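Q: As a plain string of letters, each chain reads:
Protein chains: 4
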Amino acid sequence: MGGNSFGTVFKITTWGESHGEAVGVVIDGCPSNLDLSNKDVQKELDRRRPGQGKGSSPRKERDRVEILSGIFDGKTTGTPISLLIRNEDVDSSPYEEWKEVFRPGQADFTYQAKYGLRDYRGGGRASARETAGRVAAGAVAKKILEKENIKIIAYTIELGGIRVGKRDYSEIYRNVLLCPDGETAIAMAKKIEEVKTEGDSLGGIVEILVRGCPAGLGEPVFDKLEGDFAKALISIGAVRGVEVGAGFAVARMLGSQCNDPIGPKGFDKNDAGGILGGISDGADIVLRVAVKPIPSISLEQKTVDQARRPVPLKIRGRHDVSAIPRINPVCEAMVALVLVDHLVRQRILDSFSRK
Amino acid sequence: MGGNSFGTVFKITTWGESHGEAVGVVIDGCPSNLDLSNKDVQKELDRRRPGQGKGSSPRKERDRVEILSGIFDGKTTGTPISLLIRNEDVDSSPYEEWKEVFRPGQADFTYQAKYGLRDYRGGGRASARETAGRVAAGAVAKKILEKENIKIIAYTIELGGIRVGKRDYSEIYRNVLLCPDGETAIAMAKKIEEVKTEGDSLGGIVEILVRGCPAGLGEPVFDKLEGDFAKALISIGAVRGVEVGAGFAVARMLGSQCNDPIGPKGFDKNDAGGILGGISDGADIVLRVAVKPIPSISLEQKTVDQARRPVPLKIRGRHDVSAIPRINPVCEAMVALVLVDHLVRQRILDSFSRK
Amino acid sequence: MGGNSFGTVFKITTWGESHGEAVGVVIDGCPSNLDLSNKDVQKELDRRRPGQGKGSSPRKERDRVEILSGIFDGKTTGTPISLLIRNEDVDSSPYEEWKEVFRPGQADFTYQAKYGLRDYRGGGRASARETAGRVAAGAVAKKILEKENIKIIAYTIELGGIRVGKRDYSEIYRNVLLCPDGETAIAMAKKIEEVKTEGDSLGGIVEILVRGCPAGLGEPVFDKLEGDFAKALISIGAVRGVEVGAGFAVARMLGSQCNDPIGPKGFDKNDAGGILGGISDGADIVLRVAVKPIPSISLEQKTVDQARRPVPLKIRGRHDVSAIPRINPVCEAMVALVLVDHLVRQRILDSFSRK
Amino acid sequence: MGGNSFGTVFKITTWGESHGEAVGVVIDGCPSNLDLSNKDVQKELDRRRPGQGKGSSPRKERDRVEILSGIFDGKTTGTPISLLIRNEDVDSSPYEEWKEVFRPGQADFTYQAKYGLRDYRGGGRASARETAGRVAAGAVAKKILEKENIKIIAYTIELGGIRVGKRDYSEIYRNVLLCPDGETAIAMAKKIEEVKTEGDSLGGIVEILVRGCPAGLGEPVFDKLEGDFAKALISIGAVRGVEVGAGFAVARMLGSQCNDPIGPKGFDKNDAGGILGGISDGADIVLRVAVKPIPSISLEQKTVDQARRPVPLKIRGRHDVSAIPRINPVCEAMVALVLVDHLVRQRILDSFSRK
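Residue numbers (this note's numbering), protein chains in the order written: chain Z, 1 to 355; chain E, 1 to 355; chain C, 1 to 355; chain W, 1 to 355.
Some clues are possibly wrong.
In silico lysine-lysine, BS3-like type, Cα no more than 27 Å apart, as pairs [claimed, not checked]:
#, chain 1, residue 1, chain 2, residue 2
1, W, Lys75, C, Lys269
2, Z, Lys314, E, Lys269
3, Z, Lys269, E, Lys166
4, C, Lys99, Z, Lys75
5, E, Lys75, Z, Lys302
6, C, Lys99, W, Lys265
7, E, Lys75, Z, Lys265
8, W, Lys302, C, Lys265
9, Z, Lys99, E, Lys196
10, Z, Lys269, E, Lys75
11, E, Lys265, Z, Lys314
12, Z, Lys265, E, Lys269
13, C, Lys75, Z, Lys99
14, C, Lys302, W, Lys269
15, W, Lys302, C, Lys314
16, W, Lys314, C, Lys314
17, E, Lys99, W, Lys302
18, Z, Lys265, E, Lys314
19, C, Lys265, W, Lys99
20, Z, Lys99, E, Lys143
21, W, Lys166, W, Lys314
22, Z, Lys196, E, Lys269
23, C, Lys265, W, Lys75
24, C, Lys269, W, Lys314
25, Z, Lys166, Z, Lys147
26, E, Lys302, Z, Lys269
27, E, Lys75, E, Lys143
28, E, Lys269, Z, Lys302
Quick partial rundown of chain C residues pointing at chain E, CB under 8 Å, derived from the structure [to be verified]:
#, residue
29, Pro31
30, Leu36
31, Ser37
32, Lys75
33, Gly78
34, Asn149
35, Ile153
36, Val344
37, Ile348
38, Phe352
To be clear, the hints were calculated from the coordinates, so they are not data collected in a lab.
Only a predicted model underlies this, so the values are computations on that prediction, with no experimental measurement involved.
By construction, the Cβ of each residue, glycine as well, lies at the ideal position given by its N, Cα and C atoms.
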């Protein structure tokens, strides 16, 4: 049972429901003597907070993190770091009406099937709110990566069928959709407004780029680097597909096109996405995730209640039009957690080989 | 370190190099009192053996499995099951020539970077030969699933850019390419012959269908069912992308299109691919993997040796044109391993809730 | 790294320092649909609280538990249970004086050696206060065991060299030392008063009895039941030895004396302590732990500071004379956690064999 | 389920039954670039082989190890090391007679209760033969410790009630009982002969000393160094108790006696046994285990068969009088495995703190 821990040596355990007392995370295995402040974590949480994008939720979460353990005099002590975020501005009343109804595209039906009961308030544990714990832990992971000069950015390359024409990384933080193409960002924003009026929602694609990752991370044959990325990313509620480098496009390539030729200074191109045989090769790591539209829409939907009686459902309440761009920092957090875990694992090997 | 184990309660550990003494697997956590014979395992290994498809390797591996422990009087005893497959028909001499050269698209460069040395013979541990252990373990997993009436099939839906027109499951075992569309299979076979002559290789897409899976399997939030499928499938060497249900197509859907409406008898459609919120919903599970072309091609390639000196490389020796269809039973094995592990985990919950 | 989790399927992670914000625990893998209230946990925490025995600490901890997640409408939901206990009545000033000094018999020296820094306030993570999280988690484990009619009691059989003459279980809760021999309890209490006056401290032996444990729990060969008990119990700060059944006495027995003869109704005696080959045999489980004297004494001690300069140390402040009897409920909690974990693991086997 | 793996980063999985095809072990997480030959492993296996002491089994096992993977050109490659030892000189016929009878002091009854069936030949998985895999893996661990100048010796301090008068380490390998007191060794040998004639068996105490262990190993609060030693040692079939340093004697000490004073050059004495707060303190590590008499005796014993019918049992066949001294190298192997695992875990911390 279980399933709420991630990582092997840098391990996190998240807990909490959307409308419960709080959400949080415990990090076990963080090295000692690392500078870490409340601000380091708060900064990342603020990026995940509602109201970040045009399509985002109007819920007013302040998401104030409290560090309960593992820090002394501004430094990590090597003991578990417990991070707590109280749930504020919670109104469970809209959920009372549908408490026996399975919302399509949500986990209502499966949680009921699995556990025999469920906390229906705000999606309970299946809510995107759970990712606050991930982002908080990811902030600590990022601090470690920063010292190693490893940088992660997650940006929007497709939304509502609109695809970027270019990838200008300097553009990303200039628009709320975290899109590396300013003009496309404007078109995406327009699409969001349109669909919002219709009471519908949108999907898209997020690309994640890792720069500065040294060669050697990843543990064949089952804990390959891309395998852990895939598991980490697909564990984010809305993600339905993951690809590395050229991804699904490899299906239509010849071997002579797909292989990246190697020169004295490195790879000539990067269709491998920075990972060969499950191990980072020193090139940029490139990942992409397919994000499904937010299932909570205000259009009427066909469904049943727990007694399997048909119920027409019209969801009211505050909901995002798209999981993008709030999902982007969550993607970064998950990628950071995987990288730190593998960095630590590789450090062991290095330390013994050095002798 | 490590990374050669998979699963939590039904756990396997594979070992072995392509041109070493043998490859094998140890299964820990298999229930007792299960009928299991050599034949059960051999049958699956035979499906993975070279010479299965037109594009497949001419290496003559007999792949005879030896059960060394865990079985008594034809039944599992609950103790670890050790399975051994000797490496036969091994000729390492072709690899001597390139032992200091990094083959493009292979793990040569990254193994060297990670471990500081590598067994260059036949790709060593990074060889597809390692999957024999997975298939052997998967055969045991399949025996358990069989008793629960859960069935897995992996079939080819795209090869060398040729996509199936239909999915006629009865067709799959009638052609060596495991393609559910007989006419497409003929076109694919033709394409393989063409590319073989050119000394190049082909990629494709394999779809995996699970029938009879009960609702309730999967452990949110990090051990979601699709997360473990993704990690399991992408751990197979040639796989560069994984998707569930509608997969990457969700990026272009509206919420009202993507949500599967629910009626008294179940879901009206299955874009979720049988998994909601990380838990199986009782519908068919549908997964797809992108398979890259075999990197070992006989066309000349640009690369370097360990001293980073440019070396033009022309690989001789026996190689498949495509990892498909030999990869299909490996996909089935990995999916079977994930399912058994989650079945076991869910059984715990059920057993306590029943009381 | 790490080391703050215990259990495989019923897994707990504790966190928190003695003088930090709070201590707590996250339980992952608790079955759903179990009745659980604040009171269930508070009851056990109250037994561990200071001021339970004559030899116990005068610190006024109220130890009020807060359930932050995993419970809905009075029932467990199958999601992680997060329990929080704020640190109150904390005065770190006495520790300022000795912050660079290694107290003998404490973890000061080793934490400094391991982590390169330490939270010196109240022993930080190495404080017995950390066990509050264990007891809170143990309370949940006990709820599960209760339904299975498995009962655990930890009682004092030796203190300050005074050994019980008999084991009258009905006597245990009649004296604060949790001693199954009323007269011996009086002698022990007298001894405590004596030693308290001298500013010294006392060790002893706690015996743990498990009744109602079914045969079959324990996973050979490394996760044997007594192995997990041993690890669990010796992880409690003051414990320096663990034995099962006849324990160290087996060294002086002949095989014909040590073997427990078996009759139609069970074992004729129980020198095995209820465990054979790492698996429970249905008889009472009997464990014993050696508890060292509290290292914080007010007598002057010889030690050094971080610069290795000699420093005569006289510890002031509030300290127990003996870890007994406050350690007793901690022993029960650890045994409960091991039993639940193995009960769950055995349930899996049973569920598959039943078919 | 499971339970056949040990370690977290240097992880071993043993498999095999006494009278099955073979026994073996897979090591996952061994660093690359380490010199390792067949001889390194064989040397340790030879020490565990029957016929090592006067009290030892006459079974003629050659115990020839075969390295099947993970080594290339005499060096570890970082991939799993698979070690195989065929079972030779096996005669299962004596076990046919008692196949439905539960032998007292053995795991027959509990394996039947747990798994619903058992391999009764030679004790199956519960046989001491299983420890061959541990010793083989321990040999690899010892190679790593050797480079770090960490040395482990396990010697006999008590046998059949005869206790050593002194600990002269140079004496240990001069007598087959591995006793650090030559005269006592002679008395012990005499006692063994006596008891052998009577058809009975003997218990004793083994002490394990670790020299050269650096301060800092061990992971509070659950993976404390002594906790892992305890679990590791008590997982050896005959062990019924474990103690660290002063061990059970602490129960009768005052705090002022038990605490080890610290001077500028280290600890004045070592009652802590080299471990404080779960972390090594740089002093010698001292552990002791209580070893029960071999349960297979030729004296008649009272027992029942699977139908619970009384059966008088007289065991014939080849059996040791005492598990000592064959158990000594097994103790060393388990201690080596724990040390390597914690050394690796501490190396991670060091590597990050160094920066």
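Q: All the hints need checking, so say for each whether the structure fits it.
A: Right, here's what the structure says about each hint:
no. : hint                  : result
1   : Lys75/W <-> Lys269/C  : 53 Å, violated
2   : Lys314/Z <-> Lys269/E : 20 Å, holds
3   : Lys269/Z <-> Lys166/E : 36 Å, violated
4   : Lys99/C <-> Lys75/Z   : 16 Å, holds
5   : Lys75/E <-> Lys302/Z  : 49 Å, violated
6   : Lys99/C <-> Lys265/W  : 20 Å, holds
7   : Lys75/E <-> Lys265/Z  : 57 Å, violated
8   : Lys302/W <-> Lys265/C : 13 Å, holds
9   : Lys99/Z <-> Lys196/E  : 60 Å, violated
10  : Lys269/Z <-> Lys75/E  : 53 Å, violated
11  : Lys265/E <-> Lys314/Z : 21 Å, holds
12  : Lys265/Z <-> Lys269/E : 51 Å, violated
13  : Lys75/C <-> Lys99/Z   : 16 Å, holds
14  : Lys302/C <-> Lys269/W : 12 Å, holds
15  : Lys302/W <-> Lys314/C : 60 Å, violated
16  : Lys314/W <-> Lys314/C : 63 Å, violated
17  : Lys99/E <-> Lys302/W  : 66 Å, violated
18  : Lys265/Z <-> Lys314/E : 21 Å, holds
19  : Lys265/C <-> Lys99/W  : 20 Å, holds
20  : Lys99/Z <-> Lys143/E  : 40 Å, violated
21  : Lys166/W <-> Lys314/W : 39 Å, violated
22  : Lys196/Z <-> Lys269/E : 25 Å, holds
23  : Lys265/C <-> Lys75/W  : 57 Å, violated
24  : Lys269/C <-> Lys314/W : 20 Å, holds
25  : Lys166/Z <-> Lys147/Z : 30 Å, violated
26  : Lys302/E <-> Lys269/Z : 12 Å, holds
27  : Lys75/E <-> Lys143/E  : 12 Å, holds
28  : Lys269/E <-> Lys302/Z : 12 Å, holds
29  : Pro31                 : 4 Å, holds
30  : Leu36                 : 13 Å, violated
31  : Ser37                 : 18 Å, violated
32  : Lys75                 : 11 Å, violated
33  : Gly78                 : 7 Å, holds
34  : Asn149                : 12 Å, violated
35  : Ile153                : 24 Å, violated
36  : Val344                : 5 Å, holds
37  : Ile348                : 5 Å, holds
38  : Phe352                : 4 Å, holds
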